[in-house]
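A.B. asks: Residue numbers (my numbering), protein chains in the order written: chain A, 3 to 273; chain B, 932 to 1218.
If you're looking for bench data, these hints aren't it; they were derived computationally from the structure.
There may be inaccurate statements among the hints.
Computed footprint of chain B on chain A, listed as stretches where at least three residues anywhere in the stretch have a Cβ under 8 Å from a Cβ of chain B [unchecked claim]:
#, region
1, 85 to 92
2, 203 to 212
Label-pair restraints from in silico Cβ distances [said to hold, decoys possible]:
#, chain 1, residue 1, chain 2, residue 2, range
3, A, Asp35, B, Pro1213, 42 to 50 Å
4, A, Thr177, B, Ile1208, 56 to 64 Å
5, A, Thr177, B, Ala1194, 45 to 53 Å
6, B, Ala955, A, Ile247, 53 to 61 Å
7, A, Asp202, B, Val965, 46 to 54 Å
8, B, Pro1058, A, Gly41, 23 to 31 Å
9, B, Ala1194, A, Asp202, 38 to 46 Å
10, A, Glu71, B, Pro1213, 57 to 65 Å
11, B, Ala958, A, Glu66, 55 to 63 Å
Where is the CB? At the ideal position from N, CA and C, for every residue including glycine.
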Amino acid sequence: MSTDTGPAIELRGASKIFKTPSGGLHTAVRELDLTVGRGEFVAVVGPTGCGKSTTLTLVSGLEEPTEGEVLVAGEPVAGVGDKVGFVFQQDATFPWRTVLSNVMAGPRFRGVPKAEAKKRAREWLARVGLAAFEDRYPHQLSGGQRKRVALAATFVNDPEILLMDEPFSALDVQTRALMSDELLELWEGTGASVVFVTHDLEESIALADKVVVMTAGPATVKQVFDIDLPRPRKVESVRLEPRFIEIYREIWESLGEEVRITRERGAAHVA
Amino acid sequence: MSPEVLGAPAVDTAKVSGRAHSRARAARRRKLVVGAARVLLLVVVLGLWEALSRAEVIDPFNFSMPSKIWEQIQTWVLHGTALGPLGEQIWYTLHEALLGWVIGVVAGVVFGIALGRITLLADVLGPYIKVLNSIPRIVLAPIFVIWFGLGPASKVASAVVLVFFPVFFNAFQGAREVDRNLVANARILGASDRRVTLQVVIPSATSWIFTSLHVSFGFALIGAIVGEYIGATKGVGLLVAQSQGTFNAAGVYAAMVILAVVALLAEGLLTFGERRIFRWKPSESDR
Chain A
3 MSTDTGPAIE
13 LRGASKIFKT
23 PSGGLHTAVR
33 ELDLTVGRGE
43 FVAVVGPTGC
53 GKSTTLTLVS
63 GLEEPTEGEV
73 LVAGEPVAGV
83 GDKVGFVFQQ
93 DATFPWRTVL
103 SNVMAGPRFR
113 GVPKAEAKKR
123 AREWLARVGL
133 AAFEDRYPHQ
143 LSGGQRKRVA
153 LAATFVNDPE
163 ILLMDEPFSA
173 LDVQTRALMS
183 DELLELWEGT
193 GASVVFVTHD
203 LEESIALADK
213 VVVMTAGPAT
223 VKQVFDIDLP
233 RPRKVESVRL
243 EPRFIEIYRE
253 IWESLGEEVR
263 ITRERGAAHV
273 A
Chain B
932 MSPEVLGAPA
942 VDTAKVSGRA
952 HSRARAARRR
962 KLVVGAARVL
972 LLVVVLGLWE
982 ALSRAEVIDP
992 FNFSMPSKIW
1002 EQIQTWVLHG
1012 TALGPLGEQI
1022 WYTLHEALLG
1032 WVIGVVAGVV
1042 FGIALGRITL
1052 LADVLGPYIK
1062 VLNSIPRIVL
1072 APIFVIWFGL
1082 GPASKVASAV
1092 VLVFFPVFFN
1102 AFQGAREVDR
1112 NLVANARILG
1122 ASDRRVTLQV
1132 VIPSATSWIF
1142 TSLHVSFGFA
1152 LIGAIVGEYI
1162 GATKGVGLLV
1172 AQSQGTFNAA
1182 GVYAAMVILA
1192 VVALLAEGLL
1202 TFGERRIFRW
1212 KPSESDR
């Protein structure tokens, strides 16, 4: 296939305008240009509520762009494709299914026979360290364990493209660092292209090859930074390296301005 | 074992177990107090009723008295009712109520989920359902007797119309309030629309639906009884009508007691089934 050498994801002048319940129009993202190479880990950072998540829903096919184009593997996105995995910010495990059944859901939805699905689900549960928990229901697990179930349920589908919407934001700091390391390990074996949305700059630098800074809403790309920290990385030690701090300062100069704008707007709203 | 023996060793573990012990004892005592108070309340109410009625402070002809009601139930159980054996009447009513309940629940769930999932259908049918719901449906019972005759069909029909709406509205609401994240997640994982409905929407609507099942079984009984009361050949409702016709107040109360017992048993069965289905839910003590 000729498209194999092209970028994994391409957004060309993509805009998304939502109708608000009161009948007004809300522009979530505007004229977004973004390219994600194959196997690349891209982190998208921006002020809270600027429309970062919308970028992911456009790539996933859950929403269509109002204007512009979204291409995955060179093809325009039309509905939810089978190349994409999505880890949501909130808990999206099915509470009425056991852990094993949750991880089997993806393959089963895609028509994989039950025995095969079970085998693959068990493999991934072992990889995220939950093999002993396969008969539990999600409410019997901790927040971190539920996130692991979500990761296993996503990875079991072998996604070429992995979209993550602040996946670890609900976890405590230590669990978050642990999960970030586990994510890097899992990802390094798959060669998937990742778009990781976060408002945490440290997290984004520690994880990504490329950090994309978004403007205050309506979001568009402000600046792109390459992260030249060597892999494999451990998120807790990498953030102490001088190069990390240098990069952090550089990006914060760009991001901090947008955060300030968002804050001022928020203050104006309150007043 | 006396409390002194338990309290004597000054070791920490003994203290802890001693405290746990006294806490358990306090809990047991509370349970006992609540139970005793309940029985006492019942005895007082029934006793007062009996006494006032015997003293003719309240009219025994209109209000009857517990002992007479008990006698009436005994006669019905031992010698059968004027319509035949008591069991047959109960079975008749229960059969109509159950049939009406099942039909009403199935229809309510199917329509509720369908309208909850298909917005166009909901927009088209919405106003009509509101209008139908605002009709006091109990007045349909006489019409059903005209349409379907004195047999069970007319009672089943009135049970169905009473059951349908609460179940429908709950299923509809349940389908509408499905966590959007779960639906998005299922779609990303590869679920078709049909799969989303069957494996995401319906399971998450079940707790809504079950809430309505409890209420609606009571409605099914009401439907069957009212239907029988208006015109029937058998059933507890007819028993009420007959007792009323012969100015037998005790008979009316006795039928009420029987119905209450039946309804409580059904409720117990339903709760049992619910516990089995909702094993995935955190029990209240977990949280």
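A.B. asks: Hint by hint, note whether the structure agrees.
C.D. replies: Going through the hints against the structure:
1. 85 to 92: holds (count 5)
2. 203 to 212: violated (count 0)
3. Asp35(A) / Pro1213(B): 42 to 50 Å: 46 Å, holds
4. Thr177(A) / Ile1208(B): 56 to 64 Å: Given a distance of about 32 Å, which is not inside 56 to 64 Å, the answer is violated.
5. Thr177(A) / Ala1194(B): 45 to 53 Å: For Ala1194(B) against Thr177(A), whose Cβ atoms are near 49 Å apart, the range 45 to 53 Å holds.
6. Ala955(B) / Ile247(A): 53 to 61 Å: Once the Cβ atoms are compared, 58 Å apart, the range 53 to 61 Å for Ile247(A) and Ala955(B) holds.
7. Asp202(A) / Val965(B): 46 to 54 Å: 52 Å, holds
8. Pro1058(B) / Gly41(A): 23 to 31 Å: 55 Å, violated
9. Ala1194(B) / Asp202(A): 38 to 46 Å: With a Cβ separation near 56 Å, Ala1194(B) and Asp202(A) fall outside 38 to 46 Å, so the hint is violated.
10. Glu71(A) / Pro1213(B): 57 to 65 Å: 45 Å, violated
11. Ala958(B) / Glu66(A): 55 to 63 Å: 59 Å, holds
Going through the hint list in order, the structure does not satisfy hints 2, 4, 8, 9, 10.
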